[in-house]
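Sequences are here, hints too, so could you generate the full structure?
Quick note, the sequences are listed as chains A and B, same order. Quick note: the first sequence uses my numbering, first residue 40, plus one each step. Quick note: the second sequence uses my numbering, first residue 2, plus one each step.
Keep in mind the hints are simulated off the structure, nothing from the lab. Just to be clear, a hint being listed does not mean it is correct.
Straight-line C-alpha distance at most 20 Å; calculated SDA-like pairs for lysine to any residue [stated by the list, open to error]: (1) A/186 / B/575; (2) A/133 / A/223; (3) A/462 / A/92; (4) B/573 / A/253; (5) A/91 / A/453; (6) A/424 / B/154; (7) A/133 / A/247; (8) A/81 / B/330; (9) A/190 / B/432; (10) B/154 / B/230; (11) B/296 / B/432; (12) B/125 / A/513; (13) B/573 / A/453; (14) B/501 / A/92; (15) A/252 / B/330; (16) A/252 / B/569; (17) B/230 / A/375; (18) B/501 / B/523; (19) A/91 / B/44; (20) A/213 / B/575; (21) B/573 / A/535; (22) B/501 / A/216; (23) B/367 / A/190.
Here are some chain A residues pointing at chain B (derived, C-beta under 7 Å) [claimed, not checked]: (24) 76; (25) 77; (26) 83; (27) 130; (28) 331; (29) 364; (30) 379; (31) 443.
For each residue, glycine too, the CB sits at the ideal point set by N, CA and C.
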Amino acid sequence: MKISRTFAALLLALTLLAAAPAAALAQTAQPSGIPAHPRELKYTPLNYAPPKRDKYRHVLSNGVVVYAVEDHDLPLVNISTLVRTGSYLDPAGKEGLAALVGSQMRAGGTQKMTAEQFDEAADFLAAQISSGVSSTQGNANLNLLAKDVDKGLALYFDMLRTPAFQEDRLKLAKSQILQAMERRNDNTSGIEAREWNRLLYGAEHFSTKETTKASVESITRQDLVDFHQKYFQPGGFIIAASGDFKTDELLAKLEAAFKGWPANKAAVPDVPKPTQVPVAGIYTVNKPDVNQGRVSIGHTGSMRGNPDSYALEIMNDILGGGGFTSRIMSRVRSDEGLAYSAGSSYGMGVYYPGTFRASFQSKSASTSQAIQIVLDEIGRIRTSKVSDEELQTAKNSAIETFPRIFSTAALVAGTFAQDEYTKRPADYWDTYRQRVAAVTADDVQRVAQKYLDPSKLVILVVGNIDDITKGNPDHPEYSLTKIAATGQIRRIPLPDPLTMTYPPAP
Amino acid sequence: MRRFTLALLALFLCAAGARAQNVPVQEVVLDNGLRVLMVPRKGDPNIAAGWITRTGSVNERPGITGLSHLFEHMMFKGTRTIGTKDIEANLKLLKEMDDVRAQMRAEDKELIRRARVGEIDDPKDPKNRSDNYRQLLARFDELTKREKELMVKDEFDRVYTTAGASGMNAGTSNDFTVYFLNVPANKLELWFWMESDRLLNPVFREFYSERDVVHEERRLRTDSTPTGKFDEQFDALFWMSSPYGWPVVGWPSDLEAITREEALDYFAVNYAPNNLTACLVGDFEPAQATALAKKYFGRLPRGPREPEPVRTQEMKQLAEQRMIAYAETSPQVRVRYHTQADGHPDDFVLSVLGDILSGRTGRLYKSLVLQQEVANNASANQNGNKYEGYFELRGTAKPGKTPEEVEQALYREIEKLQKELVPAEELQKIKNQSSADQFRGLQSNFGLMVQLLLRDANRSWSSINTDPARVQAVTAEDIRRVANKYFTPENRTVAIYRTKAAAGGDAEDATLAGLSDQEKEQVRRLRAALPQMKAEQVRAILQQVEQMGASAPADKQKGLQVVKKMLEDRLKQLEGGTK
Chain A
40 MKISRTFAAL LLALTLLAAA PAAALAQTAQ PSGIPAHPRE LKYTPLNYAP
90 PKRDKYRHVL SNGVVVYAVE DHDLPLVNIS TLVRTGSYLD PAGKEGLAAL
140 VGSQMRAGGT QKMTAEQFDE AADFLAAQIS SGVSSTQGNA NLNLLAKDVD
190 KGLALYFDML RTPAFQEDRL KLAKSQILQA MERRNDNTSG IEAREWNRLL
240 YGAEHFSTKE TTKASVESIT RQDLVDFHQK YFQPGGFIIA ASGDFKTDEL
290 LAKLEAAFKG WPANKAAVPD VPKPTQVPVA GIYTVNKPDV NQGRVSIGHT
340 GSMRGNPDSY ALEIMNDILG GGGFTSRIMS RVRSDEGLAY SAGSSYGMGV
390 YYPGTFRASF QSKSASTSQA IQIVLDEIGR IRTSKVSDEE LQTAKNSAIE
440 TFPRIFSTAA LVAGTFAQDE YTKRPADYWD TYRQRVAAVT ADDVQRVAQK
490 YLDPSKLVIL VVGNIDDITK GNPDHPEYSL TKIAATGQIR RIPLPDPLTM
540 TYPPAP
Chain B
2 MRRFTLALLA LFLCAAGARA QNVPVQEVVL DNGLRVLMVP RKGDPNIAAG
52 WITRTGSVNE RPGITGLSHL FEHMMFKGTR TIGTKDIEAN LKLLKEMDDV
102 RAQMRAEDKE LIRRARVGEI DDPKDPKNRS DNYRQLLARF DELTKREKEL
152 MVKDEFDRVY TTAGASGMNA GTSNDFTVYF LNVPANKLEL WFWMESDRLL
202 NPVFREFYSE RDVVHEERRL RTDSTPTGKF DEQFDALFWM SSPYGWPVVG
252 WPSDLEAITR EEALDYFAVN YAPNNLTACL VGDFEPAQAT ALAKKYFGRL
302 PRGPREPEPV RTQEMKQLAE QRMIAYAETS PQVRVRYHTQ ADGHPDDFVL
352 SVLGDILSGR TGRLYKSLVL QQEVANNASA NQNGNKYEGY FELRGTAKPG
402 KTPEEVEQAL YREIEKLQKE LVPAEELQKI KNQSSADQFR GLQSNFGLMV
452 QLLLRDANRS WSSINTDPAR VQAVTAEDIR RVANKYFTPE NRTVAIYRTK
502 AAAGGDAEDA TLAGLSDQEK EQVRRLRAAL PQMKAEQVRA ILQQVEQMGA
552 SAPADKQKGL QVVKKMLEDR LKQLEGGTK
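Take a look at the structure:
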């Protein structure tokens, strides 16, 4: 669980003090002129308007969209290209192909240069060039000194357009992947993430399709060439550029770089939605050599564009997303000392529903107690209204931290490029703070009741299951068996790491 | 670390210095010795703000290891004003809690003594506690409940969060403890109020439950990761006398025994203003910030005495040291040499040498990974801490190769550096990268703020402007000289990691079902050793097992079958599987 809060935002006009509950303390300024409590501090209003997308948006003659944001503080240039592709396009039996295309574009040389020549040229220029393909996006990045931008762009476009996918580098990458694959069952955090996704999205959804020894070994250089040819086409590019350049000059350089590369607009298939309905209950994975249980609790979440998303964001912030001021952190960590990190997130998926997930790690003996606390908090936020103070903390935080979203030129360009890639409404940021400010305690309770369902919770526990089941002899009231409504606990065996076949559960 | 890993900080430290870049830092030193660094930058309506104390685990001693880090956690527990409904009742209660804890410690000491002489097995087992101990525990639970009633829960976080502060966090390392966040540009005074208050009037509430949180942090980072425990042992082995040998998170026996009184003593010296530097980077007026610094930080009284530098120096290592660990990880090797501290002339040379060896065009990748195909990954770097430094090389063996083969290949690269001068172009490449990295390190206000604080804690913030020239001045002769000076067999400590098969899962236990305990143990050992075996070794053992199978009694057949299957599977894997 990351402690960093989901991006939040701010209301300028509303200063904290005006919103804070009326202080019981009178003004008690000390002789030094230092107020007795920070609530007595006065702040000048901060006026902030988010940048406008259209101001930075340009379209090249081949249709490629470029967001260009100048920043002359440092002599650096950043260029990032988003590509409409993803590992969801891996053919069955070739799991791992898209990721290999991503890594080998950069590692495998180009038609003009061997991999060794390309690496030496990039390193001598001190240019950072990278490429990758994640589950629903491809990307290629360039960061270098502004004085070298022409040489850097030449390398960058060479990589983007005519990667060679050199055989020896592919062989090495496969060897590294297979070596890491053998270690799949070592780390409880990795096991937890994998099994959580399988429980929520099912073994058939692309997001849980794991690479296997057979799938990786079956991938050939030609597969990489074909995948690249099919999806790395300018028709699917969105570029974010920021740094020390003049926009018209940069656009001219990009036009020149695309020259002779036709923009193929072939449609890319949609990202598939999962068909699995998660089955509520307790699931365990046994790792006897660790002394801490890792726990995830949750169910299917929601999607972007849901009008309740603002209320959901505030609800989750109060429940477990807001770090130290959230309920789960406060109860599990600071009240009871049962965990180092604890919290929750409410996933708003772009292509299919995200997941609601509360998680923490606690020593084996107290794992059940911490689960019970989290379940109690999920229940409480549904049955009773949040306090004014909690609501104000969460809303103010979202509103006041809003400018952080656009705090650098790279973030302005990158955010707008991502928004275009994910087809976010153009007025999203303009209205964000108003919509957050409008959320009421009733809204929070309503969305908690609508979008949190205790009867649907999946509870995954990874750790020393014997010790976790024994619990704490001083607190026999907390036990996994008691938490399981039907008393049933399903054990998930560890799969063979190379074939991902699961032995039958005992 | 309260909420983030320190690797991040290390990154900030690495990305330093630019050839032509001069970071315009305005420095103000208050009468009490506190130094304030300011870099105003327009743009984002936000300020990255933080302060650092030159206090880390090296300032501890046996018995209080982990205190610096525990202390960092306590700094978020509020003050005489923040976090309480009634400060007088609160302080009285804390005193009572400490008294009860002191009596509990007396009981603990007796239990530990009894365990030492073998009268009891486990001093922590509740059944060994005396009646008095049980009463004390009940009393303490009662006091804890009353403490909660008096608290305004997490008020310190709430004040900041409501004001739009973000990224509030802190980190403890061997050498320093740093506290930081981002505040909206109009909330600068709030930062001064809150930080000076927690330095002037801290109240360590929830001290004992926070110790449990730190225990969980230790379990998370050290105990429950595949190599955490072994990495800790490697540090302890490498450092003979220096305090870098104990972990920042502390030894568990110390963590359990540290008292609030010890924390307060530590605070008085180490958190005095003459041991602190504060830094602001972002959208503010330096004149206003200076006035606020005087008003708020000026309240802090200078410490009772100047903090002492660490006294205990590392002894010269006289003989090679080696440890062999069986862990759930790929077979790998780490080789560490004692070198020099941050800022020593050789520190710069060794950093450049590390860069020559590392990265996509580094010598280790080109030689060990691409040409010799002995390793799948390899890298090296100099690590200059404040008082001592070391250079480390590491590599992961390619399947079928051993960590020892990687180790020997690493030594051959070192020998080349000891004999031959690095070509000019190769050296220039590193210097080019260093120049560009200086600018990259300045891209974020937050990164620059942390970097200035870390530099000021070790040497001086001004090293951000002077170090780049020292990197550019490194020569090929310098590199050959340091390679000969530090990379000697008697100056190194080596960790070999062999793969222990992943334990756990219910399936694995099923394969052992029906075997005697002795057989189970033999199977486990074989499983641990298999990943290091080469095909011919596996084949030879398999042959033996088959011969034994022909003449073994019926009750041994099952065990032999299990072993045979493991060997066959491994052989298939080694020979490529598909036939």
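>> Please list, smallest to largest, the hint numbers that this structure does not respect.
In response: 1, 8, 10, 11, 13, 14, 17, 23, 27
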